[in-house]
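**Q** Next come the chains, spelled out residue by residue.
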Amino acid sequence: MSKNVFLALSLLLLLFLPTLVQANVELLNVSYDPTRELYQDFNRAFSRYWKAKTSQSITIRQSHGGSGKQGRAVIDGLAADVVTLALAYDIDEIADQARLIPKNWQKRLPNNSSPYTSTIVFLVRKGNPKKIRDWDDLVRPGVKVITPNPKTSGGARWNYLAAWAYALKQKGGSEAKARDFVTRLYRNVPVLDSGARGATTTFVQRGQGDVLLAWENEAYLAVNELGKGSYEVVVPSLSILAEPPVTVVDKVVDRKGTRKVAEEYLRYLYSAEGQEIAARHYYRPVDKAVAARYARRFPKLTLVTVDSVFGGWKQAQKTHFSDGGIFDRIYGGGR
Amino acid sequence: MQPATTHKATAAKRNGSVSEPVAVRWVLIAAALLFLALFLLLPLAAVFSQALEKGWAAYLEALRDPDTISAIKLTLFTAVCCVPLNLFFGIVAAWLIAKFSFPGKSFLVTLIDLPFSVSPVVSGLIYVLIFGLQGWLGPWLQAHDIRIIFAVPGIVLATLFVTFPFVARELIPLMESQGRDEEEAALTLGASGLQTFFRVTFPNIKWGILYGVILCNARAMGEFGAVSVVSGHVRGVTNTVPLQVEILYNEYNYAAAFAVASILALLALVTLVVKTVAEWKIQQSLAGPDDKR
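Those sequence lines, one after another, are chains A and B. Using my numbering, read the first sequence as starting at 1 and increasing by one per residue. Using my numbering, read the second sequence as starting at 1 and increasing by one per residue.
Misleading hints may appear alongside valid ones.
Straight-line Cα separation of at most 20 Å, SDA-like style, residue types lysine to any residue; simulated pairs [unchecked claim]:
id, chain 1, residue 1, chain 2, residue 2
1, A, K69, B, V122
2, A, K251, B, L137
3, B, K54, A, K69
4, A, K69, B, V121
5, B, K206, B, T196
6, A, K69, B, Q284
7, A, K126, A, G142
8, B, K281, B, R25
9, A, K51, A, D307
10, A, K69, B, I130
11, A, K103, A, D250
12, A, K169, A, D307
13, A, K260, A, S47
14, A, K69, B, Q134
15, A, K131, A, G207
16, B, K281, B, R147
17, A, K69, B, S119
18, A, K251, B, L187
19, A, K256, B, D145
20, B, K206, B, E246
21, A, K251, B, R147
22, A, K171, A, G207
23, A, K251, B, E246
24, B, K99, B, L187
25, B, K73, B, F202
26, A, K144, A, E232
27, A, K69, B, G138
28, A, K69, B, D181
29, A, K251, B, G135
30, A, K256, B, W140
31, A, K69, B, N250
32, A, K260, A, R48
33, B, K105, B, F198
34, B, K54, A, Q205
Rather than coming from a laboratory, the hints here were simulated on the basis of the structure.
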């Protein structure tokens, strides 16, 4: 009996040993769903850069999931050195509910703390059999639209707001018309996945739906890597300027003593190399020179901002996505 | 001698009324086999064919990935923590419930069953509520730099909770059906409590224990819901095998996802075999040598 106990204990020790002896710097980047490939590349580049600069080895850990869920995990104590989420509201929540970062976090880095921007486009099947050209085509009867749940997914909230903004900006557009438009759109949604990645999998792997509302980068990933020639990207006439922001989590980096490297990590996203990597993964770079070099990659379209159309994320969240908000009413009552 | 024989006779009668006629037994076996083929063998075949879609080299490559190896290590570690603890608690609880009578016994049984009736997600959230930064103990833990959730201890705790009933639930009916005459006899003959347990009770329940352990282990390694809530999904640190499968799948890395899933599938197969053997042995030990017709 005691021999077995000893065996079990030594086995435990053996398994724990690696976590006890690691001494180099470790950063945890808590991010949203579609940035997996981006940060895989960027982390490699930053480790190289940091090693050359300080001769210190660095391990960067990643955690990915729906933006809202990830923000919630940080609030509940997931020790993220940096968060790179889909929208400012989810980081605001970390500031408001857990007070891990100051309220003015978004003013600390250039371009509202968004080192890259993106937008929402359509992904359709090869040859565009349902002839989907613009938002109006999504509300036609018989068109199945795949988009994730705005309650849990950051990307889904951008999708929703883009549709709303489009309807609002049409001739004679009004709040009531926009609401009617979005209601009809969600009537064409057969299933709400919890995150952007899940929605893409539903569309690509399970072959559901006629059109996927997706992040631009996610759409191109599907086109280039998942099924060359099986999908096409359709760029609508108007969409929303998505600004996925980043920040250091002050309370965590101060406790772990990683502030310097964490801040450098985020600043490096704005460097020429960081911007190149973002552009290669179809995130729109904010650096003018890099943007010019990759201009062909990113089609021109009218982009509206959350601030100009919805009065900022706090307001948009309250009106549209909070409990009992417009989304609850149209999705609950629409079916 | 007289009282013991009567006891044996009633025990035999009780067993006789519980087992079914041969025809019913075969129908049940056929139904079970059909069920297994549909719900176990078919998906199993699918998992392995998908896993080997790109050949053996890709399969082994997927299993050699550092994040996958760390997920396997974490899963083994979790099982190594949970199974012995739940084995101990399970035996103690079953012993208490089956061999003694005391007030509040049925309440204790209900309590043991609780993890079965609670959704795994809720089991995970319980720990977030207790140990999370916004939870009861969160601020104190933070101040002392102790990490429970979104770290290995949280994963072990959640798994411990979810797998708690397996050993006890398996042993209670078995021990109850065996009654306590043998223990009473041993005690009358001057055996100590521990002697009674190891010489009399343990040999009777050893197959039941194995059965419980194997189920407990399978669940500990396969648990997704509760662990997903407390894991934080930090790659190479807090992902268990089931979580790693989901990640790979979501990264469009289907062959690798199924390769890792095949480990869990193999575990299921081994579980099934050991479980079948244990079940058969339990049947034998329950039937007893003088029950042969």
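**Q** Keeping to a limit of 20 Å between CA atoms, is the pair of K144 (chain A) and E232 (chain A) held or broken?
**A** 16 Å, holds
**Q** Is the Cα-Cα distance between K69 (chain A) and I130 (chain B) 20 Å or less?
**A** 18 Å, holds
**Q** Given the proposed pairing of K69 (chain A) with N250 (chain B), does the C-alpha separation stay at or below 20 Å?
**A** 16 Å, holds
**Q** Hint check: K256 (chain A) vs D145 (chain B), CA-CA at most 20 Å. Holds or violated?
**A** Answer holds: K256 (chain A) to D145 (chain B) is near 10 Å, not above 20 Å.
**Q** Do the alpha carbons of K69 (chain A) and V121 (chain B) lie within 20 Å of each other, as the hint requires?
**A** 14 Å, holds
**Q** For K256 (chain A) and W140 (chain B), compute the direct alpha-carbon distance and say whether it is at most 20 Å.
**A** Holds, at roughly 17 Å.
**Q** CA of K169 (chain A) to CA of D307 (chain A), is that 20 Å or under?
**A** Holds. K169 (chain A) to D307 (chain A) sits at ~15 Å (cutoff 20 Å).
**Q** Going straight from one Cα to the other, do K251 (chain A) and L137 (chain B) come out at no more than 20 Å?
**A** 18 Å, holds
**Q** For the pair we were handed, K103 (chain A) and D250 (chain A), check the Cα-Cα distance against 20 Å.
**A** 11 Å, holds
**Q** Measure nothing beyond the straight line between the CA atoms of K281 (chain B) and R147 (chain B); if it is 20 Å or shorter, mark the hint as holding.
**A** With a Cα-Cα distance of about 43 Å, the restraint between K281 (chain B) and R147 (chain B) is violated, given a limit of 20 Å.
**Q** Starting from K69 (chain A), check that the Cα of Q134 (chain B) is at most 20 Å away, please.
**A** 15 Å, holds
**Q** Do the alpha carbons of K206 (chain B) and E246 (chain B) lie within 20 Å of each other, as the hint requires?
**A** Status violated; Cα separation ~36 Å.
This entry does not satisfy hints 3, 6, 9, 16, 18, 20, 22, 23, 25, 28 and 33, going by the numbered hints stated previously.
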